[in-house]
Every structure is written in C-alpha cells, then in structure tokens.
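**Q** Sequence:
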Amino acid sequence: MIKRKDLEQKEKNDLKPYACFSYNAKRVDSVKQHPIRTKFQRDRDRIIHSKSFRRMEYKTQVYLTQTGDHLRTRLTHSLEVSQIARTIATQLGLNIDLVEAISLGHDVGHTPFGHVAERKLNKLLNEDNVGDFKHNIQSVRILNCLEKKYSYKGLRLTIPLLEGILKHTDKYANLPKFCEGLYLDKDFSVTLEGQVVAVADEIAQITHDMDDFLRYKIVSLNDFLDHELFENLQKYFIEKRNMNFTKKIENCNKDLMKETVIKHLVDYLVSKLIEDAEENLEDDIRAYEIDKEYIKLNKIEKLVNDFHKYINKKCFNDFRIKEMDRRGEKIVEVLYEYYKEYPKDTLPKSTYELYEENGIRTIADYISGMTDRYAIEEYDSLIELF
1 MIKRKDLEQK
11 EKNDLKPYAC
21 FSYNAKRVDS
31 VKQHPIRTKF
41 QRDRDRIIHS
51 KSFRRMEYKT
61 QVYLTQTGDH
71 LRTRLTHSLE
81 VSQIARTIAT
91 QLGLNIDLVE
101 AISLGHDVGH
111 TPFGHVAERK
121 LNKLLNEDNV
131 GDFKHNIQSV
141 RILNCLEKKY
151 SYKGLRLTIP
161 LLEGILKHTD
171 KYANLPKFCE
181 GLYLDKDFSV
191 TLEGQVVAVA
201 DEIAQITHDM
211 DDFLRYKIVS
221 LNDFLDHELF
231 ENLQKYFIEK
241 RNMNFTKKIE
251 NCNKDLMKET
261 VIKHLVDYLV
271 SKLIEDAEEN
281 LEDDIRAYEI
291 DKEYIKLNKI
301 EKLVNDFHKY
311 INKKCFNDFR
321 IKEMDRRGEK
331 IVEVLYEYYK
341 EYPKDTLPKS
351 TYELYEENGI
361 RTIADYISGM
371 TDRYAIEEYD
381 SLIELF
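Counting in the UniProt record's numbering, the sequence shown runs from 1 upward without gaps.
Simulated from the structure, these hints should not be mistaken for lab results.
Just so you know, not all the hints are guaranteed correct.
Under the rule of at most 27 Å between Cα atoms (straight-line distance), these lysine-lysine pairs were calculated in the DSSO-like manner [to be verified]:
| no. | residue 1 | residue 2 |
| --- | --- | --- |
| 1 | 258 | 186 |
| 2 | 16 | 149 |
| 3 | 263 | 217 |
| 4 | 240 | 217 |
| 5 | 235 | 299 |
| 6 | 26 | 12 |
| 7 | 123 | 313 |
| 8 | 26 | 149 |
| 9 | 149 | 344 |
| 10 | 217 | 330 |
| 11 | 16 | 309 |
| 12 | 123 | 344 |
| 13 | 296 | 186 |
| 14 | 330 | 314 |
| 15 | 153 | 16 |
| 16 | 16 | 26 |
| 17 | 51 | 263 |
| 18 | 292 | 16 |
| 19 | 296 | 16 |
| 20 | 314 | 235 |
| 21 | 263 | 247 |
| 22 | 258 | 313 |
| 23 | 330 | 344 |
| 24 | 263 | 123 |
| 25 | 344 | 51 |
| 26 | 349 | 148 |
| 27 | 240 | 314 |
| 28 | 263 | 292 |
| 29 | 16 | 3 |
| 30 | 299 | 309 |
| 31 | 32 | 51 |
| 32 | 313 | 16 |
| 33 | 248 | 330 |
| 34 | 313 | 299 |
| 35 | 340 | 153 |
| 36 | 292 | 26 |
| 37 | 235 | 296 |
| 38 | 313 | 292 |
| 39 | 344 | 322 |
| 40 | 186 | 148 |
Using the sequences and the hints, build the whole thing.
**A** Written out as structure tokens, the structure is:
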C-alpha cells in the first residue's frame, strides 16, 4: 500500500520548486492526517462528497427556456475547469491534486439561475445593510462554515484550497474573516495552482458559452469566426502545428463544424497560456511567496477579454436570455421577500432556527443553496400560499 508520506515524497521529487506542496499546507482547524491520502487529495474528496457539490448538477450555467440533456450546469462547468486546469498544471509541474480540488469547489456557492440571480441577491442584501453576496465568498462560506458532515462545522479544508477558491474571481470586497492566510491584500492567488484555476475558469466559460449559444441557435458560427481572435488562432496553428485551421473548418463535416471550432479554440488558449506562463516563471519562485500573476495570457489577454465582451454583447442581449434573466431575478426577489416577511411560516424548521440566530444572511444562504428546479417549486408554492 502506498502511504501518504510516499505520496508527499513523490510531490517533492516530481513537482517544480514553485509548486504548492501538500505536506506543509495548513488547515483552518486541525484534522488527523490520513494514512494514504495527502491533504489536497482529502480536500478534493471532501468536496466531491458534499451536498453542495451534488446540488451543482441542477444549477444551470446560463438560465434558458430550453431544457435538455446537453445543457451545461455548474457541475459540468466545474468538471471542464478541472480538466483544463489539470492539463495546464501537468505541463507546468504544479500540484494537480490542489488544482483539481480548487476547480471542483470553486462554484459550490453559486445561486440558481446564473449570475443574474447572484447580482439580485447582492442588491437585496445591500438594501438591507446585511453586506455583499458574491459566489466565490459564498463558496468559502459553505465549505468552511455551512456544510454539515462531521461533528464540527464545515469541512476543515486547507487554506491554499480556500484561498484559490476565493480568488478565482477578483470580487471579494468586504469579506468576512473566515481564517488567517487568505492574503486579502493581494488580488491574485498566492499559489500558482490558484492562478491556474482562475484562468482555466475563464477559458472554460468562454468556450462553453459559445457551445451553448450555438447549440440553441442564439448566434451563428460565423458571428464568432469573424472575430480577430480566430485570425490569431489561424496564424498560431500554421506556425506551431503546420495546420491550416480555416481549410480544416471548410473541409469539415457540417455536423462536426461547431465541435471542431470549439475544440481548437480550447487547444489554442491552453497552449498559449502554457507558453506564456513558462516565460513568466522563474526557478526561485516558491509557493506563498508569489508576488504577481504569473499564469496569464500575456500577448493575447486583451484580445481574449474583448472576445468575451463580444460574446456577452451578442448573446446576453438576446431577448430569450433577457426574458429568462428577468424571471430568475423575480423568483429570487419573491423568495427573499417572503422569507424575510414570514420566516416562521415559510422557512424549514432548521433554517428558521439559524435565521433566529444569524438573521437575514441565513435567507441568502438558503436561497443560494437551491437548485433551479427547487427555487421554481418554492416560488410557485409561496405564490399559491400567499
């Protein structure tokens, strides 16, 4: 049997010196070491077996009227982020276990109905002077405080894991003090593994938004191929792979054209990121001493950001998405107001007891933990009741 100490030694032998090693990672609160799993492997496993992780299966990435077996959810998004991040981490000699754990846990705090509901919940809490609601902060709150699986609160995960989840997006103002070691003075993760996940999240989001919008005919493929980013992609594949991307698309089976374009875009962005990161990294970097963002798209970052805005302008202004956004906002607002007005009559007993202790923040916790389906059922039930 391979012991934990053997795995820790393997990390020391195989990983680059600037990787984050599991043996010296601190937890929020101490937990007895496992004999055959490292701390980061255990973090990953605790997240996978949590209720909040399972609920992501029924939270859609973009809330649409269409339903189907191929619509992306927060869970499938997290798996795609994990795949992209592990590919990058492997090439850079980083800790794959930490990268995987951050990827799988980064979105457990998301609301139903996508970002529009997150913004609505944030607005409602601010109006009541309760504070902010951001999904990355909520992910840390869930994993650190709200998950109930042991005799203690939360999952007692490692601080590098929580720091990576918190900083996969740059929105963490007015953060409650969960624990020491989150480096709140820095607007980037202090582990390269955390930085990898942040960029992998962007790549996954851009490419699967494209996929979903094309699948449901919100835009055409030519709307994307006309963008300057694909000119750069074409030049890259000719130079690096001796492959003419444009001809490949022209000769492609029509049914496979969309998949071919998206596959090559992921390949291009990941390859460029690895190349740029290798240029940025220096041998004397050590985990917890990282003074800037090393994992980023140096030369095409502005172009990628512009492409993401281009997607948003093309697609998120579509009347079908706007209609569903309005519906998602309304459901969240009605739930919030009813729970606030009639907490004893509407909240489950255990949630009401928490509400008595912690106030309105408990309502936000309860709503954000809902799946799309459950939120709709609750909305219909409350409208009928009142």
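**Q** All hints are to be evaluated individually against the structure, with a verdict given for each.
**A** Hint check:
| no. | hint | verdict |
| --- | --- | --- |
| 1 | 258 - 186 | violated, 39 Å |
| 2 | 16 - 149 | violated, 35 Å |
| 3 | 263 - 217 | holds, 19 Å |
| 4 | 240 - 217 | violated, 33 Å |
| 5 | 235 - 299 | holds, 14 Å |
| 6 | 26 - 12 | holds, 17 Å |
| 7 | 123 - 313 | holds, 23 Å |
| 8 | 26 - 149 | holds, 20 Å |
| 9 | 149 - 344 | holds, 26 Å |
| 10 | 217 - 330 | holds, 26 Å |
| 11 | 16 - 309 | violated, 35 Å |
| 12 | 123 - 344 | holds, 24 Å |
| 13 | 296 - 186 | holds, 16 Å |
| 14 | 330 - 314 | holds, 24 Å |
| 15 | 153 - 16 | violated, 35 Å |
| 16 | 16 - 26 | holds, 20 Å |
| 17 | 51 - 263 | violated, 32 Å |
| 18 | 292 - 16 | holds, 18 Å |
| 19 | 296 - 16 | holds, 18 Å |
| 20 | 314 - 235 | holds, 25 Å |
| 21 | 263 - 247 | holds, 15 Å |
| 22 | 258 - 313 | holds, 20 Å |
| 23 | 330 - 344 | holds, 22 Å |
| 24 | 263 - 123 | violated, 37 Å |
| 25 | 344 - 51 | holds, 24 Å |
| 26 | 349 - 148 | holds, 16 Å |
| 27 | 240 - 314 | violated, 31 Å |
| 28 | 263 - 292 | violated, 30 Å |
| 29 | 16 - 3 | holds, 22 Å |
| 30 | 299 - 309 | holds, 18 Å |
| 31 | 32 - 51 | holds, 23 Å |
| 32 | 313 - 16 | violated, 41 Å |
| 33 | 248 - 330 | violated, 45 Å |
| 34 | 313 - 299 | holds, 23 Å |
| 35 | 340 - 153 | holds, 25 Å |
| 36 | 292 - 26 | holds, 22 Å |
| 37 | 235 - 296 | holds, 20 Å |
| 38 | 313 - 292 | violated, 31 Å |
| 39 | 344 - 322 | violated, 34 Å |
| 40 | 186 - 148 | violated, 31 Å |
Checked against the numbered hints above, the structure violates hints 1, 2, 4, 11, 15, 17, 24, 27, 28, 32, 33, 38, 39 and 40; every other hint is satisfied.
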